[in-house]
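Order-wise, the sequence lines are chains A and S.
Numbered continuously in my numbering, the first sequence closes out at residue 334.
Numbered continuously in my numbering, the second sequence closes out at residue 588.
Worth flagging that the hints you see were computed from the coordinates, not collected in a lab.
Warning: the hint list may mix true and false statements.
Restraint-style ranges between C-beta atoms, simulated for each label pair [to be verified]:
(1) S:457 with A:288: 45 to 55 Å
(2) A:165 with S:484: 52 to 62 Å
(3) S:454 with A:129: 46 to 56 Å
(4) A:103 with S:406: 25 to 35 Å
(5) A:16 with S:466: 33 to 43 Å
(6) A:188 with S:552: 33 to 43 Å
Over 12 Å on every C-beta distance to chain A, these chain S residues come out as not near it, computed from the model [claimed, not checked]:
(7) 361
(8) 363
(9) 365
(10) 417
(11) 457
(12) 460
(13) 464
(14) 473
(15) 476
(16) 509
(17) 569
(18) 574
(19) 580
(20) 582
A virtual CB, placed ideally from N, CA and C, is assigned to each residue, including glycine.
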Amino acid sequence: MTSGDGNDLTVVPVRHVGRWVGAFVALVAVAMLVHTLLSKVPSGTFICRTVAGVRHCRPRLEWRFFWNTVFHYFTSAEILHGLVTTIELTVLAMAVGIVLGVVVAIMRRSTSRLLSGTAWTYTWFFRGTPVYAQLLFWFNITALYKVITLGVPFVNVTFFSLNLNAFFTPFHTALVAFGLNEGAYMSEIARSGLLAVDEGQTEAASSLGMTRSQTLRFVVLPQAMRVIIPPTGNEVISMLKTTSLAASVSLTELLGAATNISANNFEVMQLLIVAGLWYLIVTTVLSIGQFYLERHFARGALRTPPPTPIERLRRDLHGILVKFPSRHVAAARR
Amino acid sequence: MTDAMVEARAVRKSYNGVVVLREVDLTVVRGEVTCLIGPSGSGKSTLLRCINHLEKHDAGELRVDGQLVGYQARGGKLYERNDREICAERARIGMVFQKFNLFQHLTVLENITIGLVKVLKIDPETARRRARELLERVGLPDKEKNYPSQISGGQQQRVAIARALAMDPKLMLFDEPTSALDPELVGEVLDVMKDLARSGMTMIVVTHEINFAREVANTVYFLDGGVIEESGAPKDLFSAPKSERLRTFLSKVL
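Based on the provided sequences and hints, a complete structural model is requested.
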């Protein structure tokens, strides 16, 4: 860097004192956390050895967080089975929720007051009551209806009949409850996405002679996705955890499987950690998927797409290497 | 077939009680360029949007290529056309917007082919070939892979013109096509439009570019307060305006 009169001057960067203090506190906290996660405590039993006729005893140590028990159950058949059920339920309930949500959001925009009113009422009801209450409602639905029948009223014509006792297995109960509930939330997300697309896009599509449904499918929805995807990712992650409520309608999903095991062996903490770790792993995978989906639907909206985590890692590493020039980098510069 | 591409007789339009167009008469001759000028709020854009039925006119008779816009006369009654018929009508009328309105999620090439493929059901390969020809024609042969956000306003508007032309329209509507552009980009868009006019396209252009109107238009309509104050050949209209309002307007814009 040179000053105005051509003399070389050294640049002194601003010192960010607060940032350094904060970083130090965070570092200490992380160290404490790692320490306690990896600490060992006396188990209450002893290891004894007799050396030259003298008995030496020391307490047997074990992981404070029961890592060996956790590891033992981590891939047990029952836990894995529960995990699969959790994932199945999450995927299907979200699929129901997204389809319902988009349909309801489109209904909300209808000029027919009946259609938009119906959509509004649906959202009002399913968003306005706790999802746990809704789950229990569907679990007990046979108290209201044993069989539902679709036919012509007053005449003995039946198109379709469903025995609710047989239909509402624990899995179906949870799927109906979570799917309908999610539809209400998704409809608001989809609606905000549709509103975010400029009116001019619709006009341009109309002027090309596209029908309303073509305009929606080829022009409005793809652009709405950019707004819809991030909160939907949140919803998927939220749904993954909400499915644990289904344990109360005797569905053996991940948490249900864990509590079933601990009901027998009383190792409650160990199995909670097992379930918790699995939830974290699935959430992590989902977040990565969400990142790439967002990138895909942002095309055209951003001049330069955001870097992928790998690109960012490479850039950070490069930044560190430049900041603390090792001999290697210095040599490369020369 | 008459030689009128667009005929408006006593067309009216109001929004929530506010009258935007009152008793507008206008004739656009096939193969000619018609410019609509006037102060903002005079109803120019609304008239344009009524012609391709983006807005519904309330009363009066509006015909494009001899057909009533949005209605069908049968047995002494006017039947409102359904969505499909209106879309088919619109597909043959190109429209260029003030804010370009290119589809942001599609590349330049896809912006041009989407109407061909989805509306006219032309196979994608033929559509792409036609799109490339049009990009050549508007002077952007090397931008086909770009997204609209990556090119300048003038380039976007030229793509928008190509998109409209791809549908092989019998009539082109321009709604203030240069108003949202930086001054140095106006020329490139006007050049494309002049080319188009020379090729014999029937055009209706809402514009503030008086010089363009003077040079290219066969007929100029001056609208003010929802009525046509004055119309005629540009040389008569601009050199010897009859109405006081047009004189005031011209003194402001020239």
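Hint check results:
no.: 1; hint: S:457 with A:288: 45 to 55 Å; verdict: violated, 38 Å
no.: 2; hint: A:165 with S:484: 52 to 62 Å; verdict: holds, 60 Å
no.: 3; hint: S:454 with A:129: 46 to 56 Å; verdict: holds, 49 Å
no.: 4; hint: A:103 with S:406: 25 to 35 Å; verdict: holds, 32 Å
no.: 5; hint: A:16 with S:466: 33 to 43 Å; verdict: violated, 54 Å
no.: 6; hint: A:188 with S:552: 33 to 43 Å; verdict: violated, 53 Å
no.: 7; hint: 361; verdict: holds, 22 Å
no.: 8; hint: 363; verdict: holds, 22 Å
no.: 9; hint: 365; verdict: holds, 21 Å
no.: 10; hint: 417; verdict: violated, 6 Å
no.: 11; hint: 457; verdict: holds, 17 Å
no.: 12; hint: 460; verdict: holds, 17 Å
no.: 13; hint: 464; verdict: holds, 14 Å
no.: 14; hint: 473; verdict: holds, 21 Å
no.: 15; hint: 476; verdict: holds, 18 Å
no.: 16; hint: 509; verdict: violated, 10 Å
no.: 17; hint: 569; verdict: holds, 32 Å
no.: 18; hint: 574; verdict: holds, 36 Å
no.: 19; hint: 580; verdict: holds, 30 Å
no.: 20; hint: 582; verdict: holds, 32 Å
In terms of the numbered hints stated before, the structure departs from hints 1, 5, 6, 10 and 16, listed from lowest to highest.
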